[in-house]
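J.: Sequence:
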Amino acid sequence: MAERQSILASIENDFPQWYQDVLEKAQLADNGPVRGTMVMRPYSYAMWEGMQSAMDARIKATGAENVYLPLFIPQSYLEREAQHVEGFSPELAVVTHAGGKELTEPVVVRPTSETLFGEVMAKWIQSHRDLPMLLNQWANVVRWEMRPRVFLRTTEFLWQEGHTAHATREDAAEYARRIHLDVYKDFLETVLAIPVLPGIKTPSERFAGAINTMTCEAMMGDGKALQMATSHELGQNFANAFGITFSDAEGVAQTAWTTSWGSSTRMMGGLIMSHGDASGLVLPPRIAPHQVVVIVVKDDERTVAAARTIVADLTAVGVRAKLDDRTQTGFGRRATEWELKGVPVRIEVGPRDLDAGQLTFARRDRAGKRQMPVTEAATRVPALLDEIQADLFTAARERLADRTVRVSTIDEAREAARSGFALIDWDALGEAGEKELNRDAITVRCLQTRDGSLPGPHEPEKDLVAVVARAY
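To convert, note that position 332 of the sequence shown is 392 in the numbering used here; the numbers rise steadily by one, no gaps.
In case anyone wonders, no lab produced these hints; they're calculated from the structure.
There could be a bad hint or two in this list.
[To be verified] Taking lysine-lysine and the DSSO-like style, the derived pairs with C-alpha atoms no more than 30 angstroms apart in a straight line are:
(1) 382 <-> 429
(2) 161 <-> 358
(3) 85 <-> 183
(4) 522 <-> 284
(5) 120 <-> 429
(6) 120 <-> 161
(7) 358 <-> 85
(8) 522 <-> 85
(9) 85 <-> 382
(10) 429 <-> 358
(11) 358 <-> 382
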């Protein structure tokens with residue numbers, strides 16, 4: 061697509077400003093009145109609803125049930141798990157006054173809900189028959205960000221957070237792994253068309269209070285990494301702190317093993333930066349609020365009626381189609397607007413095309429226009445959308461492969477991280493090398509096996525490879 065300097069900053073020369081321009085021009089989000097907060101506009105919230113729906117179905121398929129827990133958490137709850145409160149301390153928003161009075165005990169606006177789930181699970185779990193307890197909630201959380209950026213790091217954001225309790229460490233680990241691969245990785249790759257690298261975090265990067273953190277890391281259009289979703293094995297740390305115990309089959313008291321896992325509106329930022337181009341958003345059909353927009357070229361009764369029929373025919377076969385009959389606005393301006401918003405397919409309906417029995421259509425992910433018979437739209441468009449979905453994933457996967465370099469030294473890793481990812485043996489890097497790279501704002505995003513898969517619980521460190529990159 062031709063670059064539109066008057067609309068967006070250059071994606072090649074100023075990727076951060078391009079991102080901000082897309083948020084504004086595609087009408088995705090605004091900054092909220094409180095520093096670090098955001099207002100999600102209808103178009104982006106429609107995408108979030110699509111993400112929720114697809115994720116929720118996958119989460120429920122694992123046996124989890126949705127609940128809702130309070131926004132406010134007694135400060136003493138967080139203090140019961142020392143590592144947890146220490147890890148979140150700088151980000152906490154604490155309420156000390158309410159109802160015109162000072163509170164007896166301050167309450168924290170939830171940064172995450174491990175402690176609150178720990179409290180209720182301790183009440184709800186009595187016997188091994190209550191296990192596993194698999195819970196999830198869709199909610200907002202608050203983390204007081206010092207360097208906010210819409211969708212990527214905001215003081216308040218939307219997410220889902222799952223919390224589970226199990227009878228054994230093995231069962232907890234297996235379930236957390238299932239969530240990570242069957243829910244997160246599958247959703248990110250099959251719905252958002254974003255290839256991800258599944259791996260485990262290094263000890264210094266683990267979630268506060270966890271014994272193991274799994275992550276899905278993705279490469280953005282500028283070569284930087286973005287953490288898309290995480291799953292945590294919490295061991296018995298929270299269970300011990302909150303007294304989550306159960307009677308086993310012999311009636312002996314045992315301590316449960318817990319997990320937590322989450323994904324957030326950060327995925328919106330990842331979606332924008334993974335597929336966007338010089339003309340704006342490029343949306344995978346499976347997440348696009350409008351998969352097809354049918355644009356009326358000329359305001360005459362016949363053309364408008366034909367466009368409405370096309371929309372109805374597409375809708376009948378399950379395509380999310382939208383009619384644009386705003387002929388009082390110039391055609392070029394409308395076409396540019398839908399291009400900016402990333403609609404996968406644009407169909408143009410004009411009198412001359414109708415005379416020829418043809419429709420003109422354009423794919424958002426490719427330059428140029430093509431024709432199809434009017435009578436074939438409802439049969440050809442669904443297959444076209446599947447093709448676009450697959451092509452976007454392939455393009456992102458090829459970019460990831462092209463910009464990932466195997467290295468053997470810290471200096472080579474530092475150089476490779478200027479434009480993409482570096483892979484280096486973990487035993488060659490180690491925690492000392494990780495700290496050295498951190499000084500240059502380069503992090504170990506995750507550890508993988510040599511074949512690029514998620515390490516198992518007993519994977520030897522000498523067989524692990526570190527994924528190194530600059531990150532958002």
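J.: Are residue 120 and residue 429 close enough, with their CA atoms no more than 30 angstroms apart?
T.: Between residue 120 and residue 429 the Cα gap is close to 41 angstroms, so the pair fails against 30 angstroms, i.e. violated.
J.: Residue 522 and residue 85: Cα distance at most 30 angstroms?
T.: violated (48 angstroms)
J.: Sort out whether residue 429 lies within 30 angstroms of residue 382, counting only the CA atoms.
T.: holds (19 angstroms)
J.: Please verify whether residue 358 and residue 382 have alpha carbons no more than 30 angstroms apart.
T.: Holds - the C-alpha atoms of residue 382 and residue 358 are around 17 angstroms apart, at most 30 angstroms.
J.: Checking one constraint from the list: CA of residue 358 to CA of residue 85, max 30 angstroms. Satisfied?
T.: holds (26 angstroms)
J.: Take a quick look at whether residue 85 and residue 382 sit within 30 angstroms of each other, Cα to Cα.
T.: Holds - the C-alpha atoms of residue 382 and residue 85 are around 20 angstroms apart, at most 30 angstroms.
J.: Does residue 183 sit within 30 angstroms of residue 85, going by the straight-line distance between their CA atoms?
T.: Between residue 85 and residue 183 the Cα gap is close to 49 angstroms, so the pair fails against 30 angstroms, i.e. violated.
J.: Given the hint that residue 522 pairs with residue 284, test it: the Cα-Cα distance must not exceed 30 angstroms.
T.: holds (26 angstroms)
J.: Mind checking the alpha carbons of residue 161 and residue 358 for me, to see if they're no more than 30 angstroms apart?
T.: violated (64 angstroms)
J.: Hint check: residue 120 vs residue 161, CA-CA at most 30 angstroms. Holds or violated?
T.: Roughly 42 angstroms between the alpha carbons, so the hint for residue 120 and residue 161 is violated.
J.: Between residue 429 and residue 358, does the CA-CA distance stay at or below 30 angstroms?
T.: Within the cut-off at roughly 18 angstroms; holds.
In this structure, the hints that do not hold are numbers 2, 3, 5, 6, 8, in rising order.
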